[in-house]
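Novice: Spelled out from the first residue to the last, the chains are:
2 protein chains.
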Amino acid sequence: MKSFHPPRRTLMGPGPSDVNPRILEALSRPTIGHLDPAFIAMMDDMKDLLQYALQTRNAITMPVSAPGSAGMETCFVNLVEPGDKVVVCQNGVFGGRMKENVERCGAEAVMVQDTWGAAVDANKLEDTLKAHPDAKIVAFVHAETSTGVCSDVKTLVEIARRHDCLTIVDAVTSLGGIPLHVDDWRIDAIYSGTQKCLSCTPGLSPVSFSEAAVEKIRNRKHPVQSWFMDLNLVMGYWGSGGKRAYHHTAPINALYGLHEALLILKEEGLEQAWARHEHHYRALKAGIEAMGLSYVVEESVRLPQLNAIRIPAGVDDATVRRQLLEQYQLEIGAGLGEMAGKVWRIGLMGHACNARNVLTCLGALDDVLSRLGAPIDSGKAVAAASKVLFPQS
Amino acid sequence: MKSFHPPRRTLMGPGPSDVNPRILEALSRPTIGHLDPAFIAMMDDMKDLLQYALQTRNAITMPVSAPGSAGMETCFVNLVEPGDKVVVCQNGVFGGRMKENVERCGAEAVMVQDTWGAAVDANKLEDTLKAHPDAKIVAFVHAETSTGVCSDVKTLVEIARRHDCLTIVDAVTSLGGIPLHVDDWRIDAIYSGTQKCLSCTPGLSPVSFSEAAVEKIRNRKHPVQSWFMDLNLVMGYWGSGGKRAYHHTAPINALYGLHEALLILKEEGLEQAWARHEHHYRALKAGIEAMGLSYVVEESVRLPQLNAIRIPAGVDDATVRRQLLEQYQLEIGAGLGEMAGKVWRIGLMGHACNARNVLTCLGALDDVLSRLGAPIDSGKAVAAASKVLFPQS
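Protein chains in written order, with the numbering used here: chain A, 31 to 423; chain B, 31 to 423.
Pulled out of the complex, with its shape left as it was, chain A reads as follows:
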């Protein structure tokens, strides 16, 4: 058996996305202790950087030492108590995972179902809350990774607040790619991932909790069912000021990577990063449409960073993705859940969101589909995208 040397791919699926080489280098810096004063200083920096990325002053803002689904679970196990009623808006795979979390907390999930590919319907949420005045929490996904749709967080939180509910928001795919304002929108609990628009390696989950959420956690009647995710304990290590109490051993080098990723985002500026995602999405879209392919999601609520494209009739999903990977070293995503076999998911996330990737993807897709005899308008996509990318030339 030998050392594993991965092939060099272009990652344009639903994440992980292409990682900035600065981040890869950061991962390989010397390991130090999780209670080393130098590491503690880095943790303080990390909190500042995360607060900037999330646009919040929440004192409890930190990375959970595990992937995004553990960040989701951290929000649910801390805020939900047995017997609570939680309204979950589902319009894709990840709303379903929220339901699982609610039920495993011994609570009741009241589902607000929307068509996959549509945004969460604010009126349905309002009606549901009127019908369930005892609901305590509302949970939904900002950017549904399974369909590429964006929901209106600001409005949904306003409705939840009018009904005295705390909110849990999934920002796994939105953070760094589209506007997200935790404080202005008054979100109570939010979790994200590192491997989407932050272009970091997977394995950590930034989370943030409002004062109201922290108060609820501190005053729980039942202990949090998870020891590893119990914020009453974790806050002793990541909480602000004073002594850092050992809880678990932090994933030191992975945190070096996240620190570097957040620094890169700050150097670019949030608004600039959002604009870059929008710009390259427009170029990709021009190419996709020039080819005669279509989007699952209506334009007004479409995510720039996650493009769900309908697979043309008669084309075999897996064959196309395999050829893209083998011939072009290009990874795009398969459909998930009820979208499996029906769509491809093309990510334009963080460091992967650039002109070279847009043109590589369109060129490769055009080539593979044409050679498989798919009903597309071949040879036009790259030119259409270039016009958007480089309007002056």
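Just so you know, the hints here were simulated from the structure itself, not pulled from any lab data. Don't take every hint at face value.
Where chains are identical, the list cannot tell them apart; a pair therefore holds if satisfied intra-copy or between any two copies.
Stated by the list, open to error - Computed cross-link-like contacts, BS3-like style, restricted to lysine-lysine with a CA-CA straight-line distance of at most 25 angstroms: (1) Lys160 to Lys115; (2) Lys115 to Lys251; (3) Lys296 to Lys32; (4) Lys154 to Lys77; (5) Lys166 to Lys246; (6) Lys296 to Lys184; (7) Lys184 to Lys166; (8) Lys251 to Lys129; (9) Lys372 to Lys410; (10) Lys32 to Lys77; (11) Lys296 to Lys154; (12) Lys372 to Lys273; (13) Lys115 to Lys246; (14) Lys32 to Lys273; (15) Lys246 to Lys160; (16) Lys251 to Lys77.
Given the coordinates of chain A, work out where chain B should sit on it, guided by the hints.
Specialist: Relative to chain A, chain B alone:
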């Protein structure tokens, strides 16, 4: 704000230990997708390497995508059901954490208490199981990181089996440092960490489950309370053969690091690694005793990789550790729980277990303690250790 460039420490605490540079380099290899065929092939290799390290053929042998305390929780939430009676042997901090896990599963923990620093008493376990014939699980720690004591896993498992109990064993600090035979000793569930004797970065937790354990998990009456740690779901991604179903996004680059760490262990050979830990421990011990310092744990049950040393009277714990860190870039560990302020924990783990570190540590400790006026026999430790390290010269 700037990139974080950590100081270069020598890590001789309770973990993280010094990381082999090969592993740091592996972390920085290009990220690929968690369902990429090349990554799947690496996962198969990883399982073989973990099976070797743990000396098991268990099909369910894999790294949990989070630190050792999540590996612990994975074992408990999957094997323990509400209302179960679980016997927990406690002789340090981590037995206490097991109790927390049992209770958060809605089960009853029956504690077998031993003095901190002593091994788990097999007779007490036997008596407890006789008094609680309805107990279903026995849990204990192989190598207590808080005290440096080794318990007799083989005997404890035999007793548990005679009473029809499954066993959960904490091998966080033992794996790679001292003999551990999962199959021969008939352990049902075991978890470990990466940042101890594997000398990898922290953040992952190797686990392994016997067929009996897997059967119990598949036939649970209550769903596992954690979605993230539910092995019924995780096994779809890490389980053997066939299609890998998406559960959560694996921490790709961290897994590159663990693969490399396990490969290094295999290249050296398990027996050779165990012997290396024993050899360098003997040298450190010669130096510690030459200085007039003493161990917490009796010699016959002492861990070579974790040396808990009594702090001499009148010496301030924190001052010594700070001076070692600032002047010698050397990290040793503080006492934990009831040992806080009373002991130092000197790790000789994995890559950090070498002659240079033994001499560095003894020289630095001798210097700092002498200058603080501590009652030690100064100037003899390095020579005493050298005689053990290099008997021929």
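Novice: Each hint should be assessed against the structure and marked as holding or not.
Specialist: Quick rundown of the hints versus the structure:
1. In this homomeric assembly, Lys160 and Lys115 come within 25 angstroms of each other (Cα to Cα) only inside a single copy, at 13 angstroms, whereas the closest approach across copies is 43 angstroms.
2. Taking the shortest alpha-carbon separations for Lys115 and Lys251, both the intra-copy value of 15 angstroms and the inter-copy value of 23 angstroms come in at or below 25 angstroms.
3. Proximity of Lys296 to Lys32 under the C-alpha cut-off of 25 angstroms is restricted to the inter-copy arrangement: shortest distance 11 angstroms between copies versus 39 angstroms within a copy.
4. In the homo-oligomer, the alpha carbons of Lys154 and Lys77 never lie at most 25 angstroms apart, since the shortest distance is 36 angstroms inside one protomer and 47 angstroms across protomers.
5. For the homomeric pair Lys166 and Lys246, the shortest alpha-carbon distance inside one copy (11 angstroms) is at most 25 angstroms, but the shortest distance between copies (35 angstroms) is not.
6. Taking CA atoms no more than 25 angstroms apart as the test, Lys296 paired with Lys184 passes inside one copy only; the shortest distance there is 23 angstroms, against 54 angstroms between copies.
7. Taking the shortest alpha-carbon separations for Lys184 and Lys166, only the intra-copy value of 18 angstroms comes in at or below 25 angstroms, while the best inter-copy value is 50 angstroms.
8. Within a single copy, Lys251 and Lys129 get their C-alpha atoms as close as 22 angstroms, and across copies as close as 20 angstroms, so both meet the 25 angstroms cut-off.
9. Taking the shortest alpha-carbon separations for Lys372 and Lys410, only the intra-copy value of 23 angstroms comes in at or below 25 angstroms, while the best inter-copy value is 74 angstroms.
10. Within a single copy, Lys32 and Lys77 get their C-alpha atoms only as close as 39 angstroms, which misses the 25 angstroms cut-off; across copies the closest is 14 angstroms, which meets it.
11. Taking CA atoms no more than 25 angstroms apart as the test, Lys296 paired with Lys154 passes in neither setting, with 37 angstroms inside one copy and 58 angstroms between copies.
12. Taking the closest pair of Cα atoms, Lys372 and Lys273 come within 25 angstroms of each other only across two copies (19 angstroms); inside a single copy the shortest separation is 53 angstroms, beyond that limit.
13. Taking the shortest Cα distances, Lys115 and Lys246 sit within 25 angstroms of each other inside one copy (15 angstroms), while across copies they are farther apart (31 angstroms).
14. For the homomeric pair Lys32 and Lys273, the shortest alpha-carbon distance between copies (24 angstroms) is at most 25 angstroms, but the shortest distance inside one copy (43 angstroms) is not.
15. Proximity of Lys246 to Lys160 under the C-alpha cut-off of 25 angstroms is restricted to the intra-copy arrangement: shortest distance 23 angstroms within a copy versus 43 angstroms between copies.
16. Taking the shortest alpha-carbon separations for Lys251 and Lys77, neither the intra-copy value of 29 angstroms nor the inter-copy value of 41 angstroms comes in at or below 25 angstroms.
Violation of the numbered hints given earlier is confined to hints 4, 11 and 16; the remaining hints are satisfied by the structure.
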